[in-house]
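Taken in order, these protein sequences are the chains called A and B. First residue of the first sequence: 1, per our numbering; consecutive thereafter. First residue of the second sequence: 1, per our numbering; consecutive thereafter.
Everything labelled a hint here was simulated from the structure, so no lab data went into it. Any given hint might turn out to be false.
The calculated lysine-lysine pairs, modelled on PhoX-like cross-linking and capped at a C-alpha distance of 25 Å, are [said to hold, decoys possible]:
#: 1; chain 1: A; residue 1: K32; chain 2: A; residue 2: K186
#: 2; chain 1: A; residue 1: K110; chain 2: A; residue 2: K84
#: 3; chain 1: A; residue 1: K98; chain 2: A; residue 2: K75
#: 4; chain 1: A; residue 1: K84; chain 2: A; residue 2: K186
#: 5; chain 1: B; residue 1: K178; chain 2: A; residue 2: K98
#: 6; chain 1: A; residue 1: K114; chain 2: A; residue 2: K135
#: 7; chain 1: A; residue 1: K98; chain 2: A; residue 2: K110
#: 8; chain 1: A; residue 1: K114; chain 2: B; residue 2: K231
#: 9; chain 1: A; residue 1: K135; chain 2: A; residue 2: K110
#: 10; chain 1: A; residue 1: K98; chain 2: B; residue 2: K196
#: 11; chain 1: A; residue 1: K113; chain 2: A; residue 2: K98
#: 12; chain 1: B; residue 1: K232; chain 2: A; residue 2: K110
None of the values given here were measured: they were computed from a predicted structure.
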Amino acid sequence: MSDPTTMIELQDVHKSYGHLEVLRGIDLLITKSEVVVVIGPSGSGKSTMLRCINALEPIQRGHILIEGIDITDSKTNVNKVRQKIGMVFQSFNLFPHKTALENVMLAPLKVQKKSHSEAERIARDLLVTVGLSEKADSHPDQLSGGQQQRVAIARALAMQPDMMLFDEVTSALDPELVAEVLNVMKDLALAGMTMVVVTHEMGFAREVGTRMIFMDEGVIVEESHPREMIANPREERTKKFLGMVL
Amino acid sequence: MESLLNGFEAFQRYYLNWEIIQETFPLLLQTLPLVLELLVLSMVFSFVLGLILSLMRLSRFRPLRWFAGAYVDFFRGLPLLLNLVFVYSGLAIVGAGSGLRFLILPPITAAVVSLSTTYAAYSAEVFRAGIESIHRGQMEAARSLGMTYAQSMRYVVLPQAIKVVIPPLTNEFIALIKDTSLASVISLQELLFTAKEKMGVVANPTPLAVAAVVYVIFTIPLIRLASRLEKKRDRGSKGTKPTDGSVDKPSALVSADIATQLPKGGGVR
């Protein structure tokens with residue numbers, strides 16, 4: 001089998017919606033504790049790539065391996081594999097009929113079949129970690145966007161995943177709420193979590209990213225260390241894109 | 001002036017004849033247990049069957065989708081009256097002719113079967129619309145936590161969808177109350193049947209007026225309730241949207257457009 005520190009492996013991944021080819025041959029290997037920042041213009045396929053890693057989208061060609069398990073194999077139990085992967089979405093997607101605490105508790109209760117008290121202990125600890133212990137009994141519509149997103153991170157962490165995927169998690173936030181979410185993510189990265197982060201937050205990328213990937217038109221155009229890429233982009237397209245977002 | 005008075009008197013004598021009202025009212029009240037039995041059984045069966053059909057319609061298994069789609073189309077197109085006559089008289093003739101005695105149904109059973117089968121099709125559409133109104137991000141968030149499709153439906157999507165469908169289901173229920181009167185054609189001794197019978201005896205349509213009043217007394221509070229629930233739901237529905245910023249950034253729009261092109265039940269495995 002492959003190297004045990006390999007968390008995510010994409011081999012020649014092709015993905016299309018009808019005639020629209022969104023991913024056109026992606027090869028990527030992500031090892032333990034890496035923080036991979038994915039950048040690129042709108043429609044470049046970066047969010048789609050994340051969604052494919054979590055098997056939320058089927059792919060037409062290639063393979064995706066999570067800790068050596070091929071999730072594109074129809075015999076693989078994707079529900080099992082998804083438990084290793086935490087995902088946080090741009091639009092939070094908290095469950096509006098449940099409190100913050102219940103949002104975090106749901107998966108440990110129903111998927112891991114933990115006892116109510118055990119699930120609640122985990123959830124309360126995580127809400128402390130993301131700085132929202134006093135909001136445990138609030139419903140999502142009583143929370144700010146930043147708070148909702150931090151609950152969403154806690155919810156994903158409750159399954160004790162080996163890796164986390166962040167899909168433009170600060171894009172829907174008011175500017176003053178971005179920092180509180182990024183701080184939680186920074187702490188996670190420093191704790192050694194393997195992370196794939198689709199974002200336009202170059203400050204975050206520079207500070208905690210261990211690798212940066214620039215995608216355009218469904219392919220990886222360039223990859224290097226974030227500081228290196230931001231300072232000296234090699235490709236013309238990368239230069240142009242960074243010129244617009246910096 | 002005199003003819004107007006005559007007209008008024010005639011109206012009163014034939015539609016609001018006090019003596020006949022007094023005779024009819026207790027008769028109609030006696031039918032209420034039967035009407036309620038028919039109503040409650042049909043409601044429970046049609047809601048359960050409707051929910052199952054709606055889940056089949058949204059399933060990723062093509063035969064299930066096809067079956068549920070065909071069922072809904074057929075029973076939405078089929079007149080309820082025809083359904084009733086078929087289940088009661090039609091099956092009885094088959095049962096009598098072929099010796100399959102179990103096909104000869106008592107009127108109450110036949111009425112429950114036809115009301116349930118037809119209203120299941122209506123409810124299925126209501127449930128389907130309710131489930132589809134829940135943003136697909138909810139299902140994705142649940143699946144990304146490792147929940148199965150069934151778990152995600154049960155703990156995340158359906159609890160939200162139920163809230164959405166309660167007002168339209170209340171409207172279905174109101175229509176069902178009125179449609180129980182169709183069972184009078186298969187000689188079920190419900191409200192309308194009993195009123196018509198009385199009308200024949202007294203040669204006066206006042207019993208119909210009494211029956212009308214009973215139906216209206218039953219339905220008006222429910223009509224009010226439905227519109228109150230609707231208003232309440234529409235006030236509370238902001239909960240699913242983020243409270244700040246907009247998610248309708250170009251990339252989100254693109255993926256939303258793409259989502260509509262996906263085949264039903266496709267996507268999340």
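Taking the hints in turn, this is what the structure says about them:
Distance hint between A:K32 and A:K186 is fulfilled; the C-alpha atoms sit about 16 Å from each other, no more than 25 Å. For a cut-off of 25 Å, the pair hint linking A:K110 to A:K84 stands: about 15 Å separates their Cα positions. Between A:K98 and A:K75 the alpha-carbon distance is near 33 Å, which puts this suggested pair outside the 25 Å criterion. A C-alpha spacing of about 20 Å is found between A:K84 and A:K186, which places the hinted pair at or below 25 Å, so the restraint holds.
Restraint check for B:K178 and A:K98: not satisfied, since their Cα atoms lie roughly 37 Å apart, outside the 25 Å limit. This hinted pair checks out: A:K114 and A:K135 have alpha carbons roughly 23 Å apart, not beyond 25 Å. Distance restraint check for A:K98 and A:K110: the Cα-Cα separation of roughly 14 Å lies within the 25 Å cut-off, and the hinted pair is therefore satisfied. With a C-alpha separation of about 39 Å, the suggested pair A:K114 and B:K231 falls outside the 25 Å cut-off, and the hint is violated.
Note on A:K135 and A:K110: the hinted pairing holds, with a Cα-Cα distance of about 23 Å set against a maximum of 25 Å. Using a Cα cut-off of 25 Å, the hinted pair A:K98 and B:K196 is violated, with the two alpha carbons roughly 52 Å apart. Taking the CA atoms of A:K113 and A:K98, the gap is about 18 Å. The hint holds against a cut of 25 Å. Under the criterion of a C-alpha separation no larger than 25 Å, the hint pairing B:K232 with A:K110 is inconsistent with the structure, at around 31 Å.
Against the hints set out earlier in the document, violations occur for numbers 3, 5, 8, 10 and 12.
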